[in-house]
Amino acid sequence: MLERFYPDIYISSTYKIDFGKYYNAGYRGIIFDIDNTLVTHGAPADKRSRKLIKKLQDMGFKILFLSNNKEPRVKMFCDAVGGKYIFKAGKPGKKGYMRAMEMLGTSRETTLFIGDQLFTDVWGARNAGIFSILVRPINKKEEIQIVLKRYPEKIVLAFYRHKCQKQGKKYLEEGTDGD
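So in our numbering, the last one in the sequence shown is 176, and the numbering has no gaps at all.
Hints in this document: simulated from the structure, not taken from any laboratory. Any given hint could turn out to be false.
As the list claims (entries may be wrong) - Straight-line C-alpha distance at most 20 Å; calculated PhoX-like pairs for lysine-lysine:
#: 1; residue 1: K81; residue 2: K44
#: 2; residue 1: K146; residue 2: K85
#: 3; residue 1: K18; residue 2: K72
#: 4; residue 1: K81; residue 2: K59
#: 5; residue 1: K51; residue 2: K72
#: 6; residue 1: K52; residue 2: K13
#: 7; residue 1: K18; residue 2: K48
#: 8; residue 1: K18; residue 2: K167
#: 9; residue 1: K44; residue 2: K72
#: 10; residue 1: K48; residue 2: K59
#: 11; residue 1: K138; residue 2: K18
#: 12; residue 1: K151; residue 2: K137
#: 13; residue 1: K51; residue 2: K18
#: 14; residue 1: K151; residue 2: K138
#: 15; residue 1: K13; residue 2: K51
#: 16; residue 1: K138; residue 2: K160
#: 17; residue 1: K85; residue 2: K67
#: 18; residue 1: K151; residue 2: K166
#: 19; residue 1: K67; residue 2: K52
Please read these numbers as outputs of a predicted model, since none were measured by experiment.
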């Protein structure tokens, strides 16, 4: 039952993902969550996030930002990094993910999703049949509704860790330096 919340990969940071590996495997679209995935909650795009998005676009990836936030917050970030977006996405519902792939011109088999929350980001990606990468939140200081979700997330991640150990897989990948 808890498997519906398990990510395909759990990695320490968005900035440690080997995106070249995924591009070589045929992935062409990336759907990102923003807050605590690319920048701290509510923060504008910074040099590191702008550099990463440019690098990914130069590699040939199509990028879209999928957020449950309101448009002013999402638009501010996307205007700075350059990319399509969907605000008030209704994650974990799969409708936003499906619309994102339509906007990117990609399919389930060629799209990655990257986010920091199990019960919105990962669950929604799994509902849509998209490869999901869970990253550790950038900052532990979060809004109360997110803080409250982190407690049951710890339980799910404990079961995920056990499953990974049983299968001889890494639980948390440290990744490589993305710079």
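Structure-based check of each hint:
no., hint, result
1, K81 to K44, "holds, 19 Å"
2, K146 to K85, "holds, 19 Å"
3, K18 to K72, "violated, 29 Å"
4, K81 to K59, "holds, 9 Å"
5, K51 to K72, "holds, 17 Å"
6, K52 to K13, "holds, 13 Å"
7, K18 to K48, "holds, 18 Å"
8, K18 to K167, "holds, 17 Å"
9, K44 to K72, "holds, 17 Å"
10, K48 to K59, "holds, 15 Å"
11, K138 to K18, "violated, 32 Å"
12, K151 to K137, "holds, 14 Å"
13, K51 to K18, "holds, 17 Å"
14, K151 to K138, "holds, 16 Å"
15, K13 to K51, "holds, 16 Å"
16, K138 to K160, "violated, 29 Å"
17, K85 to K67, "holds, 6 Å"
18, K151 to K166, "holds, 19 Å"
19, K67 to K52, "violated, 27 Å"
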